[in-house]
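Undergrad: Protein sequence lines correspond, in order, to chains A and B.
Sequential numbering of the first sequence, starting at 1, is according to the numbering used here.
Sequential numbering of the second sequence, starting at 1, is according to the numbering used here.
Hints are computed from structural coordinates only; laboratory data are not their basis.
For each residue, glycine too, the CB sits at the ideal point set by N, CA and C.
Wrong hints could be hidden among the right ones.
What the hints assert, rightly or not - Some chain A residues judged to face chain B by a derived CB distance under 10 Å, without partners named:
no. : residue
1   : S242
2   : R294
3   : E332
4   : L418
Said to hold, decoys possible - Which bits of chain B does chain A cover? Going by a derived footprint, with three or more residues having C-beta under 8 Å, they are:
no. : stretch
5   : 113-121
6   : 212-219
7   : 231-241
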Amino acid sequence: MSFVSRRRIVRSSLDWLLPCCVLFLVDVSIADDEQSRIAHGAKLYAAQCASCHGKLGEGVASKYEEPLYGDLSLADLANVIHKTMPDEEPQACVDDDAEAVARFMIDTFYTAEARAKNQPPRIALSRLTIEQFNNTVTDLVSNVDRVALPKGERGLKGQYFNDRRTKSDKRVIERVDPKIDYEFGEGSPDEKIKPEEFSMIWTGSVIAEETGVYEFTVITGNGIKLYVNDDRRMLIDGWVSSGGQSRELTESLFLLGGRSYRIKLEFFKHRDKTASVQLLWKPPRRPREVIPARHLRADYSQELYVSTTVLPPDDASFGFPRGTAVSKSWDEATTYAALDAAAYVADRIDRLAGTKGEAKDRREKAMKYCEAFATRAFAHPLSDAERDRLIVASFKDVEVEEGVKRSVLLTLKSPFFLYPHLSADAPDGYDVASRISFSLWDSLPDRRLIANAKSGQLLKPDTVRREVQACLDDTRTRTKLRGFFRQWLALDRAEEMSKDTELYPHFSPELVSDLRLSLDLFLEDVFWGDTPDYRRLLLSDTMYVNHRIADFYQFDDFKAETDADKGDHDFVSISLKGQPRAGVITHPLVLAALAYHKETSPIHRGVFVTRNLLGRVLNPPPIATVFEDAKFDPHLTMREKVSELTKSSQCQGCHHIINPLGFSLENFDAVGQFRLREKERKIEAVADYKSVSGKVIRLEGARDLALHAAESEIAQKGFIRQLFEHLIKQPPAAYGATTLNTLHDRFVKNNFNVRELMVDIVTVASIQP
Amino acid sequence: MSHYLLGRRELLRKLGVSAAALPFVSNLPSIAGAASASQRKQRLVVMFSPNGTIPDEFWPDEEGSDFSLKRILAPLQPYKDRLLTLHGICNKVRGDGDSHMRGMSCLLTGTHLFPGNIQGGSHTPAGWASGISIDQELKNFLQSNPQTQTRFGELLFGVNVGQRADPWTRLSYAGPNKPVAPIEDPYLMFEKMYGRIEDQETLKSVLDDVQEDLRRVRQLVSSEDRRLLDEHESFVREMEKELQSGQQQAYTVPIPELEAGVANENDNAPKLARMQMDLLVNGLANDMNRVAVLQYTKSVGGARMNWLGIDEGHHALSHEPDDNKDAKEKLVKINTWFCEQLVYLAKRLEETPEPGGQGSLLDNTTIVWTNELGKGNSHTLNNIPFVLLGGGLNFKMGRSLKYNAQNHNRLLMSIAAGMGHELKTFGDPNLCGDGLLTDLG
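Chain A extracted, bound-state conformation (with noise of 0.2 Å):
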């Protein structure tokens, strides 16, 4: 459930605090004794503490200038003031007064829930998260400056030769095929080819949408070799036939997604029987398949560097992953990927560098090089000091390799690359043009930033606007956003979501990725197309198909609106106007993602509703209840199930917002279908609930709650919050406590144009003092 899932999270970084909470909540006298403790522990610290610690903690200058933060538990730290404190004289603070001064610090400022509490959320000290570490590697050591996909052809360039080597004098076809998908039995390929013999080469790029491990196989009985991303190092050497046996090989990759990779594929038929050749992948967390059309392009793409160390998952506990926690296998994984980076850019140092072997110059130029490489990777020039640390110092008396390998590594295990948004003063146009980048790459400003950067424009408001607008074309944005919606609408559920065979047979591997697809086409579609508006995300009444969508959930529409020969990747937006959908609310694999097995879950719908669609808040339950099938009649239905599961006054405190709210999704089944009857009892999806103003508004269904997240203002700004915290890894407040509110302004202003909100989130973010 989801919301256990969070209090696990919460749990595991503040494990000590669940026995105050418990404390607090039973017992009402404890509870007030409490309080006073408190009060008597506030009179005492300021007495005799704050004159050296500083009223909050916060320490005064040459008293005691480190901050009192920590996580002693409240027996420890009255325990150290027992005995130590106040400093001069130990004996004026003791027993009770020194566990009162504990508990006035704990419940103030100590912890960092306590200062959570009662500060305002400040721009917490960042390190790059792990989309922007890889991200900048990457960018950084295959000097990527912007990025665009290939714009060539859907599919790969094929040339086919009449002979079984690929002499150019053989050449008889060259032509795009959409797939490499062959069978050729004894025949050959074209009339024009002997099938004795004869061979092809296939070149282009892949697209890799994910970051993660892709699994490429080629399946034939003849020889194939497979080189992608490395034109030196080949991925899969197939290249001996056994007995024409057809053979499946498959090699792994890791890949940064986001991007274009070249690939190629050479085939040769000698003596064999039958030619065949597939060529397929296993993206992450997806089925295998002929690689399709749509990720295939004509062209080539510049060979990339992907650094393939997986670093450990960033802190989420604010409910968002970003760079605020250090730990120790965060630092090896970064100085793991370091060592790498350096060695691989020491081995292309002359081509890098443009120099040679035996060159004069040589070490001159691959110091101007590291220079380059620093300079880019910390987004401002170099001072002095920089360069004779991170340049000459490594140099000296080295290899012209070894200095390489000590200059990258020095420079990518800096504290000025790993923390991008370091600044002594108030920012200059570097700092903004790292703010922007970041908050809409994950990566470094590229030359034009730097140049608006170097001349000061970007320390004008309107010019800010204007790059971050212009940055918004890069494929980089498109890819962070992608990141956005799985955060948003709680796809990685969606992946790992199994659901009982012998009830939905044909809810395969398959249809799951191709309803993520219709899913993202949707998305991007409003995101990037012409009509930018908050409100069709969750409004529309269209929802882009394929054939095995249309079969599996009976979009009859589909198959009057197109061909039947278009294969499984051939999507079409239609139309399903007068049926009880609603854009990504009754997205079918939402819907399926937050349902179990074999039933709904109108609890995981609601929470989801609740927080990530309407923007509210909820708290952790307080006790832990497991919804156990097997423990209700039969014959009840999921909604009377769960309106006796949380009946209690405890559960009510939460579920009197989250349970109307899914039961409002209950005409769709565990899989998304629509569905009227449950066991043969009519479903109740009416449900009154209870809006944040006190109004209660009642849903007649799954429009009605859309209708509802569209409109209301507290959602609008769920949104933003979200957004914004997707972009720039802060949260709003830190950047004044009127942010949310200007920004959502100026959203109902642009008509919920959500093209502009993040380029206001951006702007407001970068400009920021």
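Based on these hints, arrange chain B on the given structure of chain A.
TA: Here is chain B on its own, set in the frame of chain A:
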């Protein structure tokens, strides 16, 4: 194969910081000393050089323990009493593939090649071998027993093998259709064996600067943010400490120092050969493996031995007729050079005391020097060069043996038996005749 997933353990291995947790330091005398002398460590090294030999400058005329070495084998004079030359061993595997292909891919497998699409200079095209090779068979045998298990079991070294994978380039097979590639780059091999020691050095050189940077950055941030940087700095300090303690880890034999920047190319073969052999001996001494392959170029290999004053490629020369005296002389030089490599390897093994045991590594290691052809210009698979050196197999050494055309499958079985692995047949059962060769023990 996964070149991508590098978890914490892998990271530590690469950095060499937690080597103590890995099994390969177990060759220390204190541990190995407990084993009884009868359980001595037996090792096998297969050394391959291509394109046949010059028989009348290679094979001793005499039979038995009283024999003299001809020009090609003359460098082995100091090791004559530990030598066994086996004339009359024939590769009788027939079927698809030209002689070079079968000579190579059936040499250690003793079984036919699958039909396939790789066309040789003559005969039918072929694919990979249809069975496991004897080195891999012995590796599996040794690895299945905790007493003889080592970190790698087997290491395969190459010198100028080239980047092609086909039946001419692969000796070793993990099973049917499963060729195993030798590692021809000594730096890669070093990394495989010892982790990235150089990276450790590089890393150590920058960690002070990183800490200094972190301290400078501290001044730029608010007091709340300092905690994060302090934490970060503590991890950097920890890593520095771990690197320092990691350095003190014990190997029985110290890690060899490789000359830097030796490019993997034809002209560097003499250097590459030394580097690979140094690593090979080091691996055996540190008990990382008990089986090794050392493959010089490949079948049909065209090494240009400029360092011997020979400009033509080895394979082209090997096709010249017997009456081309110049070519013959050059081939004698080439094969003598290979023999000198064998001598260097033997010498290095002899100089290295058996860790925790008696004598030297050579006393417990047998090197089998072989070739894919008997003679280059005839492409015969009869009288394949087999020269055995060292005391790993309990064979009676110091002899020149002459068999009457025995299938090489029988020799492969005998080698396995010498390592304590009794096989009823090996490779094609029809070629195993009466089983083990007589006269070896």
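Undergrad: Run every hint past the structure and note whether it holds.
TA: Evaluation of the provided hints:
no.: 1; hint: S242; result: holds (4 Å)
no.: 2; hint: R294; result: violated (25 Å)
no.: 3; hint: E332; result: holds (5 Å)
no.: 4; hint: L418; result: holds (8 Å)
no.: 5; hint: 113-121; result: holds (count 6)
no.: 6; hint: 212-219; result: holds (count 4)
no.: 7; hint: 231-241; result: holds (count 6)
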